[in-house]
Each structure stands twice: as C-alpha cells, then as structure tokens.
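These protein sequence lines are chains A and B, in that order. For what it's worth, the numbering used here labels the leading residue of the first sequence as 1, then goes sequentially. For what it's worth, the numbering used here labels the leading residue of the second sequence as 1, then goes sequentially.
Some hints could be false.
The list that follows gives simulated cross-link-like pairs (lysine-lysine, DSS-like), each with its CA atoms no further than 27 Å apart [stated by the list, open to error]:
| id | chain 1 | residue 1 | chain 2 | residue 2 |
| --- | --- | --- | --- | --- |
| 1 | B | K129 | A | K110 |
| 2 | A | K110 | B | K68 |
| 3 | A | K135 | A | K110 |
| 4 | B | K36 | A | K42 |
| 5 | B | K36 | B | K137 |
| 6 | B | K68 | A | K39 |
| 7 | A | K110 | A | K42 |
| 8 | B | K36 | B | K68 |
| 9 | A | K39 | A | K110 |
| 10 | A | K110 | B | K137 |
| 11 | A | K135 | A | K39 |
| 12 | A | K42 | B | K68 |
| 13 | B | K68 | A | K127 |
| 14 | A | K39 | B | K137 |
| 15 | B | K129 | A | K39 |
Hints listed in this document are in silico derivations from the structure and should not be mistaken for laboratory results.
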Amino acid sequence: MPEDIVPIDDDELLYRRISVLSGWCDGSQVSPPAFHPQKHDKSGISVFRARFRSIESAATGPSPDGYFVAVLCAGELRARGIQIEPQPDLDGDYDVSHAELPQLNTGRKKSPEIIQLKAELIELAMKRSVEGPFKIDAGGAE
Amino acid sequence: MQKMLDAAALSTDNKTSPSQTAGADTATPLADQRRKDEWQRLIDNKLIEWAANSDYFDNEEFEPPTRKVIHLAIQFANQYRDNGLPAPDRVVPDADGGVVFEIRRGRSSETIHIWDDETAEYYRLLGTKIVDRYPLKLA
C-alpha cells in the first residue's frame with residue numbers, strides 16, 4: 001500500500017449513498033440494489049470514509065430528489081468477512097475519503113456470494129443507521 | 001403468506017404449491033381482486049412510467065433498465081397478476097440495467113430479478129443466506 005494511503009481502522013464509519021429516486025430506500029428499509037455493483041464498479045462498490053468526509057458531503061450528487069446515506073462500521077463489515085480497501089485514486093482524481101468493497105464487483109454480480117453479501121450489508125446498515133434523505137444544492141443542505 | 005415462490009413455480013412448470021391452496025384469504029374474490037389491483041398499480045406507476053419516460057432516471061448515476069428489460073418485467077408482472085399471486089412490496093431498478101421485484105417478511109426475502117441480459121431468476125433468502133434459487137421463464 002503506498003505511504004499516502006491511510007489504512008481503514010475497525011472503528012471507522014463508512015457512508016454508502018442511496019438515491020431517493022431509485023426507490024432502494026424508504027427511510028426504514030433498504031433494498032439490495034443499494035449495494036449492487038454497477039458496470040463501472042470493476043474493483044468494487046464505493047463507500048466514503050466518515051473520517052475524511054461529512055455525511056452531508058457524502059450525500060451530494062446529481063439526483064434531483066437527493067440521497068439517503070447508509071452508515072456502516074468497518075469492523076462490523078470485516079467481522080462478516082466483507083473486505084474494505086482505501087481507494088483514493090479515482091481515474092486520476094484523488095479523494096482520500098473514497099474506499100471500495102472489492103468483493104462486490106461487477107464481474108461477479110450474479111454470484112451467490114454477492115447476493116448474500118448485499119443482504120449482509122443491508123443487515124449491518126439497518127443495525128447501525130440510515131440517515132436522510134439529504135437534498136444538497138450548491139449552497140448546502142436543505 | 002402466499003409466497004412469491006409460488007409465482008415462480010407457476011412460470012417454470014405450472015406446479016401448484018401447497019401454500020397456494022392453504023392461505024386463508026387466497027380463495028376469496030376480494031383478496032384476489034386486491035392482489036390484481038396491487039400488481040396493476042406497480043405496472044402502471046413504476047414499469048410503464050419508466051418505459052414511457054426515457055429520461056426518468058437521467059440524473060441518476062446508475063444504469064437504468066432498458067426498454068427490453070422493462071417490457072420483460074411487465075410480461076412477468078402481467079403473468080403473476082393474472083394468476084392471482086401476491087404483489088411484491090416493491091419494484092425497483094437494480095442499478096445495472098435490470099429490474100427487481102421484492103417481497104420481504106421478517107427475515108425472509110424473495111426476489112424476482114430480471115437481469116440486464118434479459119434473463120430472469122428467482123431467489124429466496126432467509127436472513128443473509130440463499131435457501132432457494134432458480135431461473136425463470138415466461139409461461
């Protein structure tokens with residue numbers, strides 16, 4: 001691991017953004033597609049590290065209806081065999097807050113392991129918390 | 001609960017599972033009509049809405065379902081509606097060009113997944129473990 005990559009401690013919180021318009025979260029329940037790898041998720045789905053980014057910032061994105069944010073704990077993920085890796089290099093851009101769950105990659109999206117890992121992530125998010133929805137404009141949170 | 005599993009079974013080999021006849025309200029015309037209405041609401045308010053508005057998910061960062069996938073999902077929904085099977089709790093895009101029908105009851109969740117490659121399958125999880133999984137075809 002390069003020197004400038006900060007390892008993820010077990011007590012770190014992680015944020016997974018969930019678009020409101022997608023219907024993957026209604027505030028009380030999260031649906032598996034919230035953790036489904038997309039075609040560009042070749043090395044794993046993205047999460048943001050609370051150590052480096054506020055929850056409001058993690059909820060920023062282009063969706064007009066805003067986002068929920070599922071809160072996960074790194075140690076709880078690891079206890080269930082879910083790997084987390086810091087991944088600050090985003091196609092040339094650098095974001096120290098960015099990390100990935102490498103097992104959840106698009107190449108294995110139909111595997112039983114991924115279907116079960118998505119269920120694990122839902123359980124952990126529901127146990128910890130799902131915040132929002134946040135509707136962020138250029139001036140900040142509404 | 002009459003499981004969505006029954007719907008899947010119907011579409012694969014026309015079996016009638018025991019739970020289809022055991023449910024207390026499965027035989028009443030009112031319950032049957034309510035199920036059909038629930039299916040129709042999902043078809044009209046979600047699937048047809050997505051198909052009719054190609055820009056529905058334009059500002060989202062995930063890949064929306066293709067028209068072909070939505071059409072396939074409507075065909076499955078029509079089939080299950082006409083068979084009087086329970087409607088799912090939700091119909092959502094799967095983030096990768098597919099569509100997901102989901103029923104959740106306590107620790108059990110049932111999913112009909114129409115994948116972006118236009119294949120379909122049923123799976124049921126108890127907690128976080130898959131306890132049943134098989135491919136689906138339209139009858």
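Going down the list of hints, with the structure as the test:
1. B:K129 with A:K110: Distance of about 15 Å is within 27 Å: holds.
2. A:K110 with B:K68: Holds, because 19 Å separates the two Cα atoms, which is no more than 27 Å.
3. A:K135 with A:K110: 32 Å, violated
4. B:K36 with A:K42: Cα-Cα ~40 Å, so violated.
5. B:K36 with B:K137: With a Cα-Cα distance of about 21 Å, the restraint between K36 of chain B and K137 of chain B holds, given a limit of 27 Å.
6. B:K68 with A:K39: Roughly 18 Å between the alpha carbons, so the hint for K68 of chain B and K39 of chain A holds.
7. A:K110 with A:K42: Distance of about 14 Å is within 27 Å: holds.
8. B:K36 with B:K68: Roughly 23 Å separates the two Cα atoms, so the pair holds.
9. A:K39 with A:K110: Given pair K39 of chain A, K110 of chain A holds - Cα atoms ~12 Å apart, limit 27 Å.
10. A:K110 with B:K137: 17 Å, holds
11. A:K135 with A:K39: 26 Å, holds
12. A:K42 with B:K68: Holds, at about 25 Å.
13. B:K68 with A:K127: Distance ~37 Å between K68 of chain B and K127 of chain A Cα, so the pair is violated.
14. A:K39 with B:K137: 25 Å, holds
15. B:K129 with A:K39: 25 Å, holds
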